[in-house]
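Enquirer: Taking the hints into account, I'd like the entire structure generated from these sequences.
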Amino acid sequence: KNQVEQSPQSLIILEGKNCTLQCNYTVSPFSNLRWYKQDTGRGPVSLTIMTFSENTKSNGRYTATLDADTKQSSLHITASQLSDSASYICVVSVSSNDYKLSFGAGTTVTVRA
Amino acid sequence: EAQVTQNPRYLITVTGKKLTVTCSQNMNHEYMSWYRQDPGLGLRQIYYSMNVEVTDKGDVPEGYKVSRKEKRNFPLILESPSPNQTSLYFCASSSSPWGGGVKDTQYFGPGTRLTVL
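Sequence lines, in order, name chains A and B. Under my numbering, think of the first position of the first sequence as 6, with each following residue one higher. Under my numbering, think of the first position of the second sequence as 1468, with each following residue one higher.
Just to be clear, a hint being listed does not mean it is correct.
What the hints assert, rightly or not - Only pairs whose alpha carbons sit at most 27 Å apart, straight line, appear in this in silico DSS-like list of lysine-lysine:
(1) Lys22/A / Lys62/A
(2) Lys1484/B / Lys105/A
(3) Lys1485/B / Lys76/A
(4) Lys1524/B / Lys1538/B
(5) Lys1524/B / Lys1484/B
(6) Lys76/A / Lys62/A
(7) Lys1485/B / Lys1532/B
(8) Lys1524/B / Lys1536/B
(9) Lys1485/B / Lys1536/B
(10) Lys105/A / Lys1524/B
(11) Lys105/A / Lys1485/B
(12) Lys1532/B / Lys1484/B
What the hints assert, rightly or not - Looking from chain B toward chain A, a few residues come up when the C-beta cut is under 10 Å (computed):
(13) Gln1504
(14) Pro1542
(15) Thr1572
(16) Pro1577
(17) Thr1582
What the hints assert, rightly or not - Take a look, some chain A residues computed to stay more than 10 Å from chain B by CB distance:
(18) Gln14
(19) Asn29
(20) Ser51
(21) Ser90
(22) Ala118
These are computed hints drawn from the structure, not numbers from a lab. As the structure is a computational prediction, the values presented were derived from the model and not from experiment. Note that the Cβ used here is the ideal one computed from N, Cα and C, for glycine as well.
Expert: This is the structure in structure tokens:
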């Protein structure tokens, strides 16, 4: 069964600090990997999309990395802000006609002043 | 503004009382999905639709129904809700299947928090 596991489950950081979230997957065959940000009480919003051939993708202070050989991805948040407090979800797409998605359970990030 | 809307946003009901959660998108997307989100489990697909009058079961379809009579609307129906259907529900739309295409993404609605007593 295709699985996506994220760690840690939650973390608390001080404003201005950096943090890194992890995503390990067993999805095969792999098409692409996305990171979504979900603010409390709202739907997920796409942050980055990476294909097999990409190993880094940035969106402002968010940088995602991908190692397709080890099936690992990370999301790095630089100089965190209070608005970064949210859940971050890793989503992997299967390379097939229906692009089936596998969702991670998410990492909840709390940024404190 | 491109968006997916859901109504109601919050709903408290009792076991067995039929309810419908509406979903509408204004992006002319062919693909629409319903998900439920429970703590520690992530998003799980309930039903999906590839176009008008074309729907199919996702991973957790038991106890739910859907219909797609118009391209923009995709209501979720709970004929006889039970407490284990208490959850946060999201509707999503995309131009490629589930937004899984490389240049595409899913657009999610704001969510509907359902409590079944």
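Enquirer: Each of the hints needs a verdict: does it hold here or not?
Expert: Quick rundown of the hints versus the structure:
Taken as a hint, the lysine 22/A and lysine 62/A pair is honoured in the structure, with Cα atoms around 20 Å apart against an allowance of 27 Å. As the CA atoms of lysine 1484/B and lysine 105/A are separated by approximately 33 Å, the hinted pair breaks the 27 Å bound. Pair hint lysine 1485/B plus lysine 76/A does not hold up; C-alpha atoms about 43 Å apart against a cutoff of 27 Å. Our distance criterion of 27 Å between C-alpha atoms is met by lysine 1524/B and lysine 1538/B, whose separation comes to about 18 Å.
For the given pair, lysine 1524/B sits about 23 Å from lysine 1484/B by alpha-carbon distance, which is consistent with the 27 Å threshold. Only pairs whose Cα atoms come within 27 Å are accepted, and lysine 76/A paired with lysine 62/A is accepted, the gap being roughly 16 Å. With a CA separation close to 11 Å, the supplied pair lysine 1485/B and lysine 1532/B stays within the 27 Å bound. Taking the CA atoms of lysine 1524/B and lysine 1536/B, the gap is near 17 Å; set against the 27 Å cutoff, the hint holds.
Of the supplied pair hints, the one linking lysine 1485/B and lysine 1536/B holds, its CA atoms being roughly 20 Å apart against a limit of 27 Å. Annotation: proposed proximity of lysine 105/A to lysine 1524/B holds, straight-line Cα distance about 13 Å (limit 27 Å). Our distance criterion of 27 Å between C-alpha atoms is broken by lysine 105/A and lysine 1485/B, whose separation comes to about 30 Å. For the given pair, lysine 1532/B sits about 14 Å from lysine 1484/B by alpha-carbon distance, which is consistent with the 27 Å threshold.
Look at glutamine 1504/B: its Cβ gets to within about 9 Å of chain A, closer than 10 Å, so that hint holds up. Below 10 Å, beta-carbon pairs count as interface contacts, and proline 1542/B has none with chain A, the closest being about 17 Å; its hint is therefore violated. Taking 10 Å as the C-beta cut-off, the interface hint given for threonine 1572/B holds, the closest approach to chain A being about 4 Å. Taking 10 Å as the C-beta cut-off, the interface hint given for proline 1577/B holds, the closest approach to chain A being about 6 Å.
The criterion of a C-beta within 10 Å of any C-beta in chain A is not met by threonine 1582/B, whose closest approach is roughly 15 Å, and the hint is violated. Here glutamine 14/A does not stay apart from chain B, with its beta-carbon only about 8 Å from theirs, under the 10 Å limit. The Cβ of asparagine 29/A lies farther than 10 Å from every Cβ of chain B, with a closest approach of about 14 Å, so its non-interface assignment holds. Non-interface status of serine 51/A relative to chain B is broken: a Cβ of that chain comes within 10 Å, the nearest being about 4 Å off.
Chain B leaves serine 90/A outside its interface by the beta-carbon criterion, the shortest separation being 17 Å against a cut-off of 10 Å. Once the 10 Å rule is applied to beta carbons, alanine 118/A is consistent with being away from chain B; the minimum gap is 26 Å.
Checked against the numbered hints given earlier, this structure breaks hints 2, 3, 11, 14, 17, 18, 20; the rest are met.
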